[in-house]
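Chemist: Sequence:
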Amino acid sequence: MKFNPFIAFFVFALLPQQKFVQVVADLDSDKQALLEFANGVPHVKKLNWNLATPVCTSWVGITCNTNGTDVIAVRLPGVGLYGTIPRNTIGKLKALKVLSLRSNNINGSLPSDIPSIPSLQCLFLQHNNLSSKFPVTFSPRLRIVDFSYNSISGTIPNVDLPSVKVLNFSYNNLSGSIPSSFKRFPSSFIGNPLLCGSEPLKPCSESVVSPSPSPLTDFPSPKTGSQNQHATSKNKLGVGSIIAIVVGGLAFVFLLLAVIFISRLKRKHSGSNGMLKSKISQNDKPNDFGSGVQEAEKNKLFFFEGCSYNFDLEDLLKASAEVLGKGSYGTTYKAALEEGTQVVVKRLKEVAVGKKEFEQQMEVVNRVGRHPNVVPLRAYYYSKDEKLLVYNYMPAGSLFALLHGNRTSERTPLDWDTRMKIALGTARGIANIHTEGGGKFTHGNIKSSNVLLSDELEACVSDAGLTPLMNAPLTTSRIVGYRAPEVIETRKITQKSDVYSFGVLLLEMLTAKAPLQPSGQDDVVDLPRWVRSVVREEWTAEVFDVELLRFQTFQEEMVQMLQIALTCVAKTPDMRPTMDEAIRMIEDVRQSESKNRTSSEADSNIQTP
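All the letters of the sequence shown, read from the start, carry residue numbers -25 to -1, 1 to 584 under mature numbering (1 follows the signal peptide of the UniProt record, and there is no 0).
Keep in mind that the hints were calculated from the coordinates and are not lab data. Take these hints with a grain of salt, some might be off.
Claimed, not checked - Straight-line alpha carbon distances no greater than 25 Å define the calculated SDA-like cross-link-like pairs of lysine to any residue that follow:
1. 67 <-> 14
2. 467 <-> 424
3. 331 <-> 446
4. 396 <-> 348
5. 108 <-> 39
6. 67 <-> 55
Let's have the full structure, built from the sequences with the hints guiding it.
Modeler: Shown next, in the form of structure tokens:
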């Protein structure tokens, strides 16, 4: 047969289309399976799953692979799922790696097609009301299995789980003895009163009921009349003995019911009593993060609309935590949640308002945080002893760290364009905060450690709206350098005092000096006063950060920014600009300097005839 180039071209042209059709078919199949699950299992919280929106980017709790071809994770903890999971729904997600349906009210039997999904690696079903038998078929790739705090019953089959590293079937209704294949998980079955094995369980000799005798062996063999009469008289029991047996049997039944009842109560209320472990810095107590959370108030983490996070309070308290900083309003942690999600948790201290006022203020903070230059508040938790705020994690850190961190020769200097970009973004964020509440809202705690940076070094103002909640003093050493003189005297924060703090921030960016700079031994010189004294002596060049002096083309722009900063830190509030006016001044500096640079470049290109 001759080679036909046209047929070959047609075949190779068709192959990519076939691959594309297969990809679309795979994702459509996953979408349909998820919709059948959502339709079959009632839920309190809206999932917003529908055919019109993309699965991988818009569906709550859904994660796809990098190619967007398959669903690899379903995370729906604490969304109010109740009822029974239908077969051929979740089990049809052939590429699923992580399934988390924790802290819901799912009941009935778990379909066998779920734990046996070939790609499944992590299965989190704790804190539900599943009443099925112990699964007999598991995925060979499973690493984490958690069925704790359910009603799983029956004996444990002797199945092999070689890849499993974490197994938890504690606080269920399992019975019998622990098979040899599970003896490497000694603490995974506590809270099952009818189960026996090695420590910490009861020994099997004390708790396992002997098998019932066979009816054949229990049936009496034929005897002669005299032998029968003798046996009957010998085996007769007195009335007292019968009463004792009945009373003892009833006592045993009541005791057994009490044990089961206590274990169920423990399941409901002990939650994560032993799980409040945070791997924080060595200077903090191990359970410092979330240690005041009341057991009865768990799972009351309030998420704002539009938040893509999908975890509950238990996840937050179990997350490994790293202290990012301690400020006047509390301690800030970076929390690493299940499967790599990272958030920032601020633990407030000395909150001076009640729950209703706190919740109302959180609504205001949420509205303010919708601006691109304000860190958005994603969720909060309120109890009598603990107040937690959840924000997005900003990977580039704070402006303070960027200015005052490692300043060795190996450090990459913060160039002038980046400083101007950060200054303008910060000004826009503060101006947006000032528009809230009919133009009367203030920040009250503007400082370089509260200016956080995205990967692209876009500035975002944090801690907006927290000052009215706090009892923290306004004159602590950490923040007094940013305070306007009238605030220290009257303890009253205004928008003009925010402008003063912004002016100090600009001076900090221009000089790379902290607002409180030690001079000699115990003396302290505030930054605005020091800058004014240097400028008065006409040593303006001495003011600027040495890392900026190499940018010769921007010196005029630096001087103009210095003048704006000094205007913002005017001693009299009425002499200071508004934040909108400060933004226009900064934008004018950028535009005029850009025109000057363009003109000078054009002049340098003119050749002499």
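Chemist: State for each hint whether it applies.
Modeler: Structure-based check of all given hints:
no.	hint	in the structure
1	67 <-> 14	holds (15 Å)
2	467 <-> 424	holds (22 Å)
3	331 <-> 446	holds (17 Å)
4	396 <-> 348	holds (11 Å)
5	108 <-> 39	violated (31 Å)
6	67 <-> 55	holds (22 Å)
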